[in-house]
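Asker: All residue numbers for the sequence shown refer to my numbering, where the first residue is 1120 and numbers rise by one.
Hints in this document: simulated from the structure, not taken from any laboratory. Computed from a predicted structure; not experimentally measured. Check the hints yourself; a few may be wrong.
[Stated by the list, open to error] Below, a list of computed lysine-lysine pairs in the BS3-like style, where the Cα atoms sit at most 25 Å apart:
| hint | residue 1 | residue 2 |
| --- | --- | --- |
| 1 | K1206 | K1145 |
| 2 | K1143 | K1206 |
| 3 | K1274 | K1206 |
| 4 | K1192 | K1145 |
| 5 | K1136 | K1186 |
| 6 | K1136 | K1206 |
| 7 | K1145 | K1186 |
| 8 | K1206 | K1186 |
| 9 | K1192 | K1274 |
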Amino acid sequence: NDLANFRYCLTGTADDKDVYSTLKHKFCVSPDAECMRPIMVDGAPVAGGDGFFGCSEEDVACDDTAKCTTCPKSGCNTWPTADDWVKCFRWSWDGVAWTPSLSAELCTTAAEDGSYPASCSLPQARDTETGFSGNGCGECPASETETCLTTEAGKNAAHVSTLSAFLGLTLLISL
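Model the full structure from these sequences, guided by the hints.
Answerer: Okay, here's the thing in structure tokens:
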């Protein structure tokens, strides 16, 4: 038997990491099958997701990408760990301005493709509600490049433009 010609995936149902750790790998029927896992939000399968892990083939498929995702390698349908998540400051609109959370939080909500954010974002204009559709986790969408700033993980607490810093320093020196 040539394992390179077979696909295997973790198989079973798990709603938490402890149950997940008991799942076993099983071979898929098709060597081209993809492994399937639920989309995770805040470290658990999304509401309405059944926490199913397995081979996406024949009569078992990932039809609702809001609840599950697939990956193309054997054994790739793993439970995410803290190493898969970045920490970002969360931004919220308070009715007057965008404000960041007091501390960075794990970004545990997967994107539509099942991947997790690798960067953070923040609104460029703090006093304008429009133009920033995110919450701080993940990069800015292409449609918001003028109003949103993508940063490295944990670096989105606040952003002072070089021009603002220069003007502030100039004003201080002139006094």
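Asker: Now tell me if each hint is right for this structure.
Answerer: Here's how the hints hold up against the structure:
At most 25 Å may separate the alpha-carbon atoms for a hinted pair to count; K1206 and K1145 exceed this at roughly 34 Å. Of the supplied pair hints, the one linking K1143 and K1206 is violated, its CA atoms being roughly 31 Å apart against a limit of 25 Å. The hinted pair formed by K1274 and K1206 meets the criterion: a straight-line CA distance of about 9 Å does not exceed 25 Å. Taking the CA atoms of K1192 and K1145, the gap is near 13 Å; set against the 25 Å cutoff, the hint holds.
With a C-alpha separation of about 17 Å, the suggested pairing of K1136 with K1186 holds against the 25 Å cut-off. Taken as a hint, the K1136 and K1206 pair is honoured in the structure, with Cα atoms around 20 Å apart against an allowance of 25 Å. A C-alpha spacing of about 22 Å is found between K1145 and K1186, which places the hinted pair at or below 25 Å, so the restraint holds. Distance hint between K1206 and K1186 is fulfilled; the C-alpha atoms sit about 23 Å from each other, no more than 25 Å.
For the given pair, K1192 sits about 33 Å from K1274 by alpha-carbon distance, which is inconsistent with the 25 Å threshold.
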